Structure formats: structure tokens, C-alpha cells
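Residue numbers (this note's numbering), protein chains in the order written: chain S, 1 to 211; chain L, 212 to 422.
It is worth saying that the hints were derived from the structure and are not from the lab. Since the structure is predicted, the reported quantities are computational estimates derived from the model, not experimental observations. Any given hint could turn out to be false.
Examples of chain S residues toward chain L, derived with CB under 10 Å [as the list claims (entries may be wrong)]:
no., residue
1, Gly11
2, Thr14
3, Arg39
4, Arg56
5, Val74
6, Val93
7, Val97
8, Ser154
9, Ala200
10, Val206
11, Pro210
Here are the simulated SDA-like cross-link-like pairs (lysine to any residue), alpha carbons at most 20 Å apart as the crow flies [to be verified]:
no., chain 1, residue 1, chain 2, residue 2
12, S, Lys207, L, Arg238
13, L, Lys385, L, Ala261
14, S, Lys207, L, Asp370
15, L, Lys385, S, Asp162
16, L, Lys418, S, Asp163
17, L, Lys418, L, Phe351
18, L, Lys418, S, Tyr129
19, S, Lys207, S, Asp162
20, L, Lys418, S, Pro160
21, L, Lys418, S, Phe140
22, S, Lys207, L, Asp373
C-beta atoms are modelled at their ideal positions from N, C-alpha and C, and glycine is treated no differently.
2 protein chains.
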Amino acid sequence: MPLDLGVLISGSGTNLGAILAAVADGRLDARVRLVVSNRADAGGLEKARAANVPVRVISHRDYPSREAFDGAVVTALREAGVEWVVLAGFMRVVTPVLLGAFQDRVINIHPALLPAFPGVDAQAQAVEYGVRVSGCTVHFVDPGVDTGPIIAQSAVEVDPEDDRESLARRLLAKEHELLVRVLGWVAEGRVEIEPPREGARRRVRVKRAPG
Amino acid sequence: MPLDLGVLISGSGTNLGAILAAVADGRLDARVRLVVSNRADAGGLEKARAANVPVRVISHRDYPSREAFDGAVVTALREAGVEWVVLAGFMRVVTPVLLGAFQDRVINIHPALLPAFPGVDAQAQAVEYGVRVSGCTVHFVDPGVDTGPIIAQSAVEVDPEDDRESLARRLLAKEHELLVRVLGWVAEGRVEIEPPREGARRRVRVKRAPG
Chain S
1 MPLDLGVLIS GSGTNLGAIL AAVADGRLDA RVRLVVSNRA DAGGLEKARA ANVPVRVISH
61 RDYPSREAFD GAVVTALREA GVEWVVLAGF MRVVTPVLLG AFQDRVINIH PALLPAFPGV
121 DAQAQAVEYG VRVSGCTVHF VDPGVDTGPI IAQSAVEVDP EDDRESLARR LLAKEHELLV
181 RVLGWVAEGR VEIEPPREGA RRRVRVKRAP G
Chain L
212 MPLDLGVLIS GSGTNLGAIL AAVADGRLDA RVRLVVSNRA DAGGLEKARA ANVPVRVISH
272 RDYPSREAFD GAVVTALREA GVEWVVLAGF MRVVTPVLLG AFQDRVINIH PALLPAFPGV
332 DAQAQAVEYG VRVSGCTVHF VDPGVDTGPI IAQSAVEVDP EDDRESLARR LLAKEHELLV
392 RVLGWVAEGR VEIEPPREGA RRRVRVKRAP G
């Protein structure tokens, strides 16, 4: 059975584009059942429509709280038959309403090697700090900001000449590759969170490919 | 002129060993003028003696304050003709007494991709967190804990099966390589800290090799 995905976006949706391309050419055994944007002008909506994927614009401004907004998103995702949720440049902090409805099935892609540079504009944070290696992270979402269990990371070198834009551009290529690879593992049922250990973080195990 | 180094250690001194080997076989144009250990039983002292490098044991327990201890270290380094100071597994926080005496000429090697996992046992911190990429950092030392301007970093993949020891072992090989490479840049006069910018961190520029 292909993986039934919902993708949440706020902007141009380049990572959504990478998922759609991988689905279209058979590299990823998944179906994008719904794309939700909290902004009506998100460029990613066009990418979804072009791929005949249903879209919903659900504006956070129409809801009195984060929880109420998440409730509407959950309803839309469930109605569309979504099993796993990908935050792909989704600029809202999600609440336990969404996380509880899709327990351990919400993942995010972040343009830094977490735990370094969580939060907004990680690329600019990395350039300002002066690191020589940055990268991207795909992780399970928990109620914190970019604090959930890490599934995979990919490194990129940072040149002292890099600015935010040049680093962001190089990272994007890595993000697309990493996100599609991780979704492939998920589709194969290979990604699991370890049982909690006393006083320790939950960590992720990726089972070996069968055969 | 070869670079006149002082190396501060607290333990087995494997990074010191890498420096001594690179000096001995001509890969690094430097002289280790003095090795200082704050512990009399540091294994690195034997490595220094075997290379005919002068050693000094200066125990922090013999001094009433960090500053007084650093004062004694500075005196020893100056008497030995040291120009640049390398902290190589030196387990003491240094004070402005040392940093002022060797302004912008004190570097440290840290077994993580700073700013992730500063402080003690970075390898264990990384494994506990569950990262998939870690690495090592060579940076200028400032009064904070592993917060100074970064000169170079090198990434290593972390396997979910890694424990602290296996990661530490793999990192060590990268540390040796990175530290010797950076000291080579320093010896060639290619490493400089950018002028401070309003409200921003100081960052490092590595000038291109001549010719």
C-alpha cells in the first residue's frame, strides 16, 4: 500500500515539489492526499494543483487559537485519508491537537543540523554564527520547536564567502534528497521510535531494508 | 619561521600526538616549544618527552584561583617562546589572563559541530541526542565555553548503532586531521578574525594559499 501523505506548507513548497516529483516518477511509493496551506498565496498550492492533488487553504487568522486551527487541519487531513503528515516549510508551531491525532506520524524538515539553529531562518543563523558545516534534518515533530527525535541528517560545507541565499540554495538540494529518502523508509515501514528510556530522549531507529 | 606552539593537555594527548607526528615528518612547519599539563599523570606527557619536547606540570590545585593558575601557565609559555597556544583535551576553562596574554592566538579542538554540544563529553551528548551527523570543530577560544569564532569543522556520520566510544574513536581520526590542517593555515599566516561588526559575532576568514 502506498503511503498516504498530507503536506502542510506556508510558502513556495519546494520540498512539496520534490515529493510530488518523486511520486510522479515512481521513486516514492506514496500518494499526496492533501496539501494544506495556511496562506492563500502560497506558491506551493500551484504545484499541488498542477499535480492534481487536492488543496485546502486554512487560514490561522480564521481561528481563535492554535488548537482550534489545528483542529480544522486535522479534520481536513482525516477526511482526505491522510496517514502521515509532512511539515514542508510550514511556518506555524503545531499543537498536541495535531500531534495527538497523528501520533508519531508528523515529520518536519529543517534547514540546519539540529540541535544547532532551531527556529526561523536557520540558514541566516548559521551564516551569522560562522559555522563551516551545516546541513538539514528530518525529524519527528514534538511540542517543542524543532526538538523532536531525529530521523536523518545531511551535511553541507559552508564557505566563508557564503551568504544566507547561497547557503539556502545549496541546502535546498540536500533537503529534497533527504526528505524523499526518509519518506521512502517510512513507506517501507522501516522508521520507528525507540521505547522511552528513563530520563533520556526518544531516539529513532531505521530498520534495514528487507532482502 | 616555524610556528612556535604551546600545547595544553589534561589527558592522553592524542591530538598532541598528531601535532608531534606532523611536525616530525615535515607536514607541519611548527615547533612545539612546551607542553603544559594540569595533571601529573596525563599520558600526553610521555608523548612529549618521547619527542624531546619540554614539559611542565602545573597543577590547578596549587593555585588559589583560575586566574592565578593561568598566570603561572602564561609565564611558562612565555619563557618557552610560545607564540600560539593549542588546547588539546585541556579540561580547564581558561580566563582572560591567558586569553589576554595570547590575544587571538589560543585555539581549541572540540569533538562536536559547535554550537551543538558544547562542554564536557560532547560525544556522549551527541549519541544521547540521537543526531545522525556530528563532527569536530577547531575554534578560537573566547571566555565562554566553546563559543569562540570557528576556524574549521569536519563532519562524521553517526550510526544509530554508535555508542559514545565508537563515535569518539571515529571523531578522533577527524580531529587529528583537522587540527593539523588548521595549524598549517596558521603557520602560513592565512587565518584571521574579521573585524567586529555591530551586534554580530566575530567570524574567521582563511586566506587563500599563496601561488
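Here is what the structure says about each hint:
Here the hint on Gly11 (chain S) is broken, as its CB sits about 26 Å from the closest CB of chain L, past 10 Å. Annotation: Thr14 (chain S) was flagged as interfacial toward chain L, and the flag is violated, the nearest CB pair being 22 Å apart, outside 10 Å. This hint is violated: Arg39 (chain S) has a C-beta 31 Å from the nearest C-beta of chain L, more than the 10 Å allowed. Nearest Cβ of chain L to the Cβ of Arg56 (chain S): about 33 Å, over the 10 Å cut. The hint is violated.
Checking Val74 (chain S) against chain L by beta carbon gives a least distance of about 27 Å; that is not within 10 Å, so the hint is violated. A cut of 10 Å between beta carbons decides the hint on Val93 (chain S): the least distance to chain L is about 21 Å, and the hint is violated. With a least beta-carbon distance of about 26 Å to chain L, the hint placing Val97 (chain S) at the interface is violated under the 10 Å criterion. The closest approach between the C-beta of Ser154 (chain S) and any C-beta of chain L is roughly 7 Å, which is under the 10 Å cut-off, so the hint is satisfied.
Against a cut-off of 10 Å between C-beta atoms, the interface hint on Ala200 (chain S) holds, since the closest Cβ of chain L lies about 6 Å away. Look at Val206 (chain S): its Cβ gets to within about 7 Å of chain L, closer than 10 Å, so that hint holds up. Nearest Cβ of chain L to the Cβ of Pro210 (chain S): about 17 Å, over the 10 Å cut. The hint is violated. A C-alpha spacing of about 43 Å is found between Lys207 (chain S) and Arg238 (chain L), which places the hinted pair above 20 Å, so the restraint is violated.
Simply put, Lys385 (chain L) and Ala261 (chain L) have alpha-carbon atoms about 24 Å apart, too far for the 20 Å limit, and the pair is violated. For the hint linking Lys207 (chain S) to Asp370 (chain L), the alpha-carbon distance of about 12 Å falls within 20 Å, and the restraint holds. The hinted pair formed by Lys385 (chain L) and Asp162 (chain S) fails the criterion: a straight-line CA distance of about 24 Å is larger than 20 Å. Of the pairs offered as hints, the one joining Lys418 (chain L) and Asp163 (chain S) holds, with about 17 Å between alpha carbons and a cut-off of 20 Å not exceeded.
Distance check on the hinted pair: Lys418 (chain L) and Phe351 (chain L) sit about 16 Å apart at the alpha-carbon level, within 20 Å; holds. Straight-line distance between C-alpha atoms of Lys418 (chain L) and Tyr129 (chain S) comes to about 19 Å, which keeps the hinted pair within the 20 Å bound. Of the pairs offered as hints, the one joining Lys207 (chain S) and Asp162 (chain S) is violated, with about 36 Å between alpha carbons and a cut-off of 20 Å exceeded. Note on Lys418 (chain L) and Pro160 (chain S): the hinted pairing holds, with a Cα-Cα distance of about 10 Å set against a maximum of 20 Å.
The straight-line distance between the Cα atoms of Lys418 (chain L) and Phe140 (chain S) is roughly 40 Å, outside the 20 Å bound, and the hint therefore fails. Simply put, Lys207 (chain S) and Asp373 (chain L) have alpha-carbon atoms about 15 Å apart, close enough for the 20 Å limit, and the pair holds.
Going down the numbered hints, you'll see the structure goes against 1, 2, 3, 4, 5, 6, 7, 11, 12, 13, 15, 19, 21, while the others check out.
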